[in-house]
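First to last, the sequence lines map onto chains A and B.
With the first letter of the first sequence counted as 1, position 344 gets the number 344 in the numbering used here; the numbers rise by one all the way through.
With the first letter of the second sequence counted as 1, position 226 gets the number 226 in the numbering used here; the numbers rise by one all the way through.
Think of the hints as simulated: they come from the structure by calculation, not from any bench.
Don't take each hint at face value.
For chains that are exact copies, the list does not tell them apart, and a pair is met inside one copy or across any two.
[To be verified] Simulated pairs of lysine-lysine, DSS-like, Cα-Cα distance not exceeding 30 Å:
| id | residue 1 | residue 2 |
| --- | --- | --- |
| 1 | K366 | K90 |
| 2 | K53 | K87 |
| 3 | K237 | K395 |
| 4 | K430 | K418 |
| 5 | K453 | K342 |
| 6 | K304 | K270 |
| 7 | K149 | K208 |
| 8 | K76 | K87 |
| 9 | K22 | K342 |
| 10 | K22 | K418 |
Number of protein chains: 2
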Amino acid sequence: MIEKFFNPNSVAIVGASPKPGKVGNVILANFKKRFKGRIYPVNPKHEEIMGLKCYPSIKDLPETPDLVVIAIPAPKVPQVLRDAGEKGVKATIIITGGFRETGTEEGRRLEEEIVKISREYSIRILGPNCLGIYDNWSGVDTFFLPDEKMMRPPKGKISFISQSGAFASALLDWMAYRNIGISRAISYGNKIDVDDVDLLDFLANDDKTGLIIMYLEGLKPGRGRLFIEKAREVVQKKPIVIYKAGKTSRGSTAAASHTAALAGNYSIYKAAIKQAGLIEAMSFDEIMDLSKILLTQPLMKGRKVYVVTDAGGVGVMLTDALTTEGFLLPRSPADLKEELRKVLPPHCIVENPIDLTGDTDDDRYKVVLDILLPRDDVDAVVVGALPQVPGITSKLADYLAEARKYGKPIIAISIGSKEAEKFKDLLEDKGIPVFESPERAARALRALYLYSKIRGVARE
Amino acid sequence: MIEKFFNPNSVAIVGASPKPGKVGNVILANFKKRFKGRIYPVNPKHEEIMGLKCYPSIKDLPETPDLVVIAIPAPKVPQVLRDAGEKGVKATIIITGGFRETGTEEGRRLEEEIVKISREYSIRILGPNCLGIYDNWSGVDTFFLPDEKMMRPPKGKISFISQSGAFASALLDWMAYRNIGISRAISYGNKIDVDDVDLLDFLANDDKTGLIIMYLEGLKPGRGRLFIEKAREVVQKKPIVIYKAGKTSRGSTAAASHTAALAGNYSIYKAAIKQAGLIEAMSFDEIMDLSKILLTQPLMKGRKVYVVTDAGGVGVMLTDALTTEGFLLPRSPADLKEELRKVLPPHCIVENPIDLTGDTDDDRYKVVLDILLPRDDVDAVVVGALPQVPGITSKLADYLAEARKYGKPIIAISIGSKEAEKFKDLLEDKGIPVFESPERAARALRALYLYSKIRGVARE
Numbered sequence: 001m002i003e004k005f006f007n008p009n010s011v012a013i014v015g016a017s018p019k020p021g022k023v024g025n026v027i028l029a030n031f032k033k034r035f036k037g038r039i040y041p042v043n044p045k046h047e048e049i050m051g052l053k054c055y056p057s058i059k060d061l062p063e064t065p066d067l068v069v070i071a072i073p074a075p076k077v078p079q080v081l082r083d084a085g086e087k088g089v090k091a092t093i094i095i096t097g098g099f100r101e102t103g104t105e106e107g108r109r110l111e112e113e114i115v116k117i118s119r120e121y122s123i124r125i126l127g128p129n130c131l132g133i134y135d136n137w138s139g140v141d142t143f144f145l146p147d148e149k150m151m152r153p154p155k156g157k158i159s160f161i162s163q164s165g166a167f168a169s170a171l172l173d174w175m176a177y178r179n180i181g182i183s184r185a186i187s188y189g190n191k192i193d194v195d196d197v198d199l200l201d202f203l204a205n206d207d208k209t210g211l212i213i214m215y216l217e218g219l220k221p222g223r224g225r226l227f228i229e230k231a232r233e234v235v236q237k238k239p240i241v242i243y244k245a246g247k248t249s250r251g252s253t254a255a256a257s258h259t260a261a262l263a264g265n266y267s268i269y270k271a272a273i274k275q276a277g278l279i280e281a282m283s284f285d286e287i288m289d290l291s292k293i294l295l296t297q298p299l300m301k302g303r304k305v306y307v308v309t310d311a312g313g314v315g316v317m318l319t320d321a322l323t324t325e326g327f328l329l330p331r332s333p334a335d336l337k338e339e340l341r342k343v344l345p346p347h348c349i350v351e352n353p354i355d356l357t358g359d360t361d362d363d364r365y366k367v368v369l370d371i372l373l374p375r376d377d378v379d380a381v382v383v384g385a386l387p388q389v390p391g392i393t394s395k396l397a398d399y400l401a402e403a404r405k406y407g408k409p410i411i412a413i414s415i416g417s418k419e420a421e422k423f424k425d426l427l428e429d430k431g432i433p434v435f436e437s438p439e440r441a442a443r444a445l446r447a448l449y450l451y452s453k454i455r456g457v458a459r460e
Numbered sequence: 001m002i003e004k005f006f007n008p009n010s011v012a013i014v015g016a017s018p019k020p021g022k023v024g025n026v027i028l029a030n031f032k033k034r035f036k037g038r039i040y041p042v043n044p045k046h047e048e049i050m051g052l053k054c055y056p057s058i059k060d061l062p063e064t065p066d067l068v069v070i071a072i073p074a075p076k077v078p079q080v081l082r083d084a085g086e087k088g089v090k091a092t093i094i095i096t097g098g099f100r101e102t103g104t105e106e107g108r109r110l111e112e113e114i115v116k117i118s119r120e121y122s123i124r125i126l127g128p129n130c131l132g133i134y135d136n137w138s139g140v141d142t143f144f145l146p147d148e149k150m151m152r153p154p155k156g157k158i159s160f161i162s163q164s165g166a167f168a169s170a171l172l173d174w175m176a177y178r179n180i181g182i183s184r185a186i187s188y189g190n191k192i193d194v195d196d197v198d199l200l201d202f203l204a205n206d207d208k209t210g211l212i213i214m215y216l217e218g219l220k221p222g223r224g225r226l227f228i229e230k231a232r233e234v235v236q237k238k239p240i241v242i243y244k245a246g247k248t249s250r251g252s253t254a255a256a257s258h259t260a261a262l263a264g265n266y267s268i269y270k271a272a273i274k275q276a277g278l279i280e281a282m283s284f285d286e287i288m289d290l291s292k293i294l295l296t297q298p299l300m301k302g303r304k305v306y307v308v309t310d311a312g313g314v315g316v317m318l319t320d321a322l323t324t325e326g327f328l329l330p331r332s333p334a335d336l337k338e339e340l341r342k343v344l345p346p347h348c349i350v351e352n353p354i355d356l357t358g359d360t361d362d363d364r365y366k367v368v369l370d371i372l373l374p375r376d377d378v379d380a381v382v383v384g385a386l387p388q389v390p391g392i393t394s395k396l397a398d399y400l401a402e403a404r405k406y407g408k409p410i411i412a413i414s415i416g417s418k419e420a421e422k423f424k425d426l427l428e429d430k431g432i433p434v435f436e437s438p439e440r441a442a443r444a445l446r447a448l449y450l451y452s453k454i455r456g457v458a459r460e
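Model the full assembly from the supplied sequences, consistent with the hints where possible.
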């Protein structure tokens with residue numbers, strides 16, 4: 001059923017408009033651009049919009065559309081919903097705001113009315129007060145922002161579910177700019193019907209989704225237990241990264257006037273997140289850091305991490321950051337030291353963090369990785385290669401990519417300017433995630449370790 | 001005396017070389033490019049380098065240079081230092097590594113020898129095992145990385161002192177790429193003589209420096225008390241942002257083999273940082289976030305912060321982040337609500353966080369700021385304007401800049417792509433710092449509040 005929201009054969013857009021800037025105008029234009037199925041504009045004031053025949057009401061459509069998108073003022077929504085019900089429509093996205101989130105009696109009443117109608121006719125509703133769906137495969141796109149205001153990301157394996165439309169659009173725009181691929185994005189606003197549980201269920205079985213990001217203010221009352229059960233099941237197949245908004249009591253109050261959400265007590269959510277096996281991102285920056293490591297790296301068996309760098313200071317920073325996040329940075333055992341000394345110049349430091357020093361070349365990294373990664377007492381390697389170092393070239397990226405054959409996590413940090421950005425892009429193209437600081441790399445690796453425990457791969 | 005390191009009239013470069021890639025080649029080339037004083041290459045193997053007369057030894061120079069830069073192998077350094085002493089030289093930068101940091105008996109012995117010579121002749125030494133000095137005013141530049149590998153930032157008010165050369169070069173490169181201005185950068189490596197106390201003393205009285213960044217692994221033994229006293233004095237004039245490396249015991253061990261630093265017990269440093277009135281950055285990202293708010297914003301009187309946004313979700317995230325950092329987000333008082341209701345459309349939320357909603361224009365921001373900022377119960381305003389919102393234009397940046405007249409901190413967050421970057425550049429040009437996430441904005445504002453307390457402006 002939920003499938004129809006993402007992959008309909010036909011869609012009706014109620015409130016479609018020829019006027020530039022109108023919500024119903026942007027939505028129709030976006031569907032025309034990318035959607036492959038049949039499109040029916042609905043608006044009693046027009047006979048044709050953008051070259052498409054326009055219908056006065058849903059009842060007049062030549063077929064029952066798989067999906068109805070509603071973008072008209074709130075007081076008119078109940079009648080349209082009834083028309084849809086009569087026509088046999090089973091899925092609607094209500095973009096319109098002006099319901100319970102306004103805090104007014106009128107808003108509350110309207111919302112209750114549409115809930116009642118949806119039950120009467122068994123229509124599933126996404127929204128109201130939302131941006132709806134952006135599906136990179138079918139071309140469903142109710143995000144009513146033109147391309148100039150919000151870039152659309154390339155196709156990829158990340159899907160996300162957001163209680164905030166602004167968050168969803170900012171994240172899409174952000175990902176597009178950084179060329180990070182997306183599968184499906186959902187903004188559900190007041191979620192009077194379709195909610196996190198329904199969407200997780202759909203995304204769990206969706207082979208186009210490899211990782212799920214959630215921005216959550218609050219669950220619907222009574223859905224907590226089901227949410228935890230569903231999530232526990234999903235995370236055995238793919239990771240879920242969650243950002244919980246409304247953590248503080250002032251934050252929950254703000255959430256209430258935003259999406260009428262009951263943000264609840266954070267400590268309860270915190271416990272649920274843990275029980276459900278979700279990975280929590282504590283800041284906006286972290287959401288993408290955690291996602292990129294979880295999407296690209298193999299699970300890790302333990303906490304033994306080695307650092308390989310060409311800059312002593314970076315080694316110290318990484319050591320601090322990694323041990324703070326609970327990793328062990330074992331002292332290099334005697335046999336490892338001996339092996340490293342055989343292949344490295346005498347001024348290199350063979351103790352972990354291994355310092356190849358500022359006169360390193362790419363090859364030193366290669367020989368060290370080939371020694372470290374096959375060892376049973378090495379669970380992951382963090383590379384701190386400064387692109388400012390004269391001997392570092394693009395060959396290093398090839399070496400790191402080759403080292404993926406050992407089946408252990410390899411991540412890198414890079415700090416600097418043009419050279420650093422180029423190096424980062426090169427590495428990420430080859431599946432090695434690169435982080436902007438030692439602290440962010442360490443927090444990302446911790447998430448991978450947590451997820452490895454959830455999947456039963458990591459020892460305690 | 002320390003002044004001569006930064007602003008010499010003449011400099012000798014021992015180890016100057018015509019061979020591309022050699023340290024003494026890069027340093028000479030960089031001095032030729034930007035330094036306005038007299039330059040003397042010193043190398044017995046050459047008569048001329050890059051069109052400059054080359055001298056066999058310091059003793060043969062036609063004058064006593066204000067500064068001597070030494071970039072030759074460690075075993076040869078003592079003799080050169082003696083020659084410099086005989087010639088009457090008072091300031092030297094020893095770039096060369098291979099001393100105590102190697103952990104070898106030979107390295108330790110060589111380091112002790114140069115300490116002895118420097119005392120005998122009263123020569124001040126910066127280094128060894130360092131990158132030395134980059135001075136954006138005089139053109140002193142011993143950072144031996146060519147422009148292609150490390151960009152040079154524009155002139156500005158930030159100076160920094162770093163125990164790690166790699167950190168210093170990465171930070172310079174990073175700042176250059178983001179067009180952030182620098183005054184003077186110092187990498188002192190093993191700091192056998194000139195240290196943090198000397199440099200703070202110099203920078204405190206330097207009118208070209210408005211803020212100081214420090215990367216510190218450890219102080220020299222016996223300098224703790226003096227450092228605290230000096231820092232307490234400096235921070236009453238300009239803020240000092242410190243990043244302490246070697247926080248964990250594994251990190252301190254790594255620091256020992258890096259710059260022979262005694263990174264010591266972090267809790268002792270933590271107490272000293274507090275006592276000295278330094279602002280501690282907990283991650284690499286934070287260093288620049290804290291610096292830009294401290295450099296551009298007026299001090300704040302209290303903890304009452306208002307959020308103005310056009311996106312409910314961003315309002316919730318900011319509320320969480322700010323209250324987590326100890327700020328009060330007062331509920332809007334009745335008189336404020338009434339005043340806001342008079343000027344805003346009825347669907348806007350006048351409760352703090354104030355939500356102008358997605359159909360806002362620039363003018364709504366202007367009227368709200370003009371109401372909020374003059375109030376005694378408002379200490380700072382955080383703006384969460386999403387550039388994805390259709391009604392936001394570049395005029396908003398002008399309005400925010402105008403609002404600086406109220407003498408209170410105004411900061412912004414921006415998340416997204418091209419539009420977001422443009423908006424950020426525009427705002428930062430006008431002195432409004434912009435942060436990449438709600439959490440980073442909140443941590444930066446907390447640093448400003450801490451510094452306001454240190455300066456006696458903020459009430460407890």
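To see whether the hints hold, each was checked on the structure:
Taking CA atoms no more than 30 Å apart as the test, K366 paired with K90 passes in neither setting, with 58 Å inside one copy and 45 Å between copies. With identical chains, the CA atoms of K53 and K87 are at most 30 Å apart within one copy only, with a shortest distance of 19 Å there and 93 Å across copies. For a Cα distance limit of 30 Å, the shortest separation of K237 from K395 qualifies neither inside one copy, at 35 Å, nor across copies, at 48 Å. Proximity of K430 and K418 under a CA criterion of 30 Å is satisfied in both settings, with 19 Å inside one chain copy and 25 Å between copies.
In this homomeric assembly, K453 and K342 never come within 30 Å of each other (Cα to Cα): the closest approach is 36 Å inside a single copy and 56 Å across copies. For the identical chains of this complex, K304 and K270 are neighbours both inside a copy (27 Å) and across copies (28 Å), given an alpha-carbon limit of 30 Å. Taking CA atoms no more than 30 Å apart as the test, K149 paired with K208 passes inside one copy only; the shortest distance there is 26 Å, against 41 Å between copies. Only within a single protomer do K76 and K87 lie at most 30 Å apart by alpha-carbon distance; the minimum there is 17 Å, versus 92 Å between protomers.
Taking the shortest Cα distances, K22 and K342 sit within 30 Å of each other only across copies (26 Å), while inside one copy they are farther apart (70 Å). Within a single copy, K22 and K418 get their C-alpha atoms only as close as 40 Å, which misses the 30 Å cut-off; across copies the closest is 23 Å, which meets it.
Violated hints for the displayed structure, listed by number in ascending order: 1, 3 and 5.
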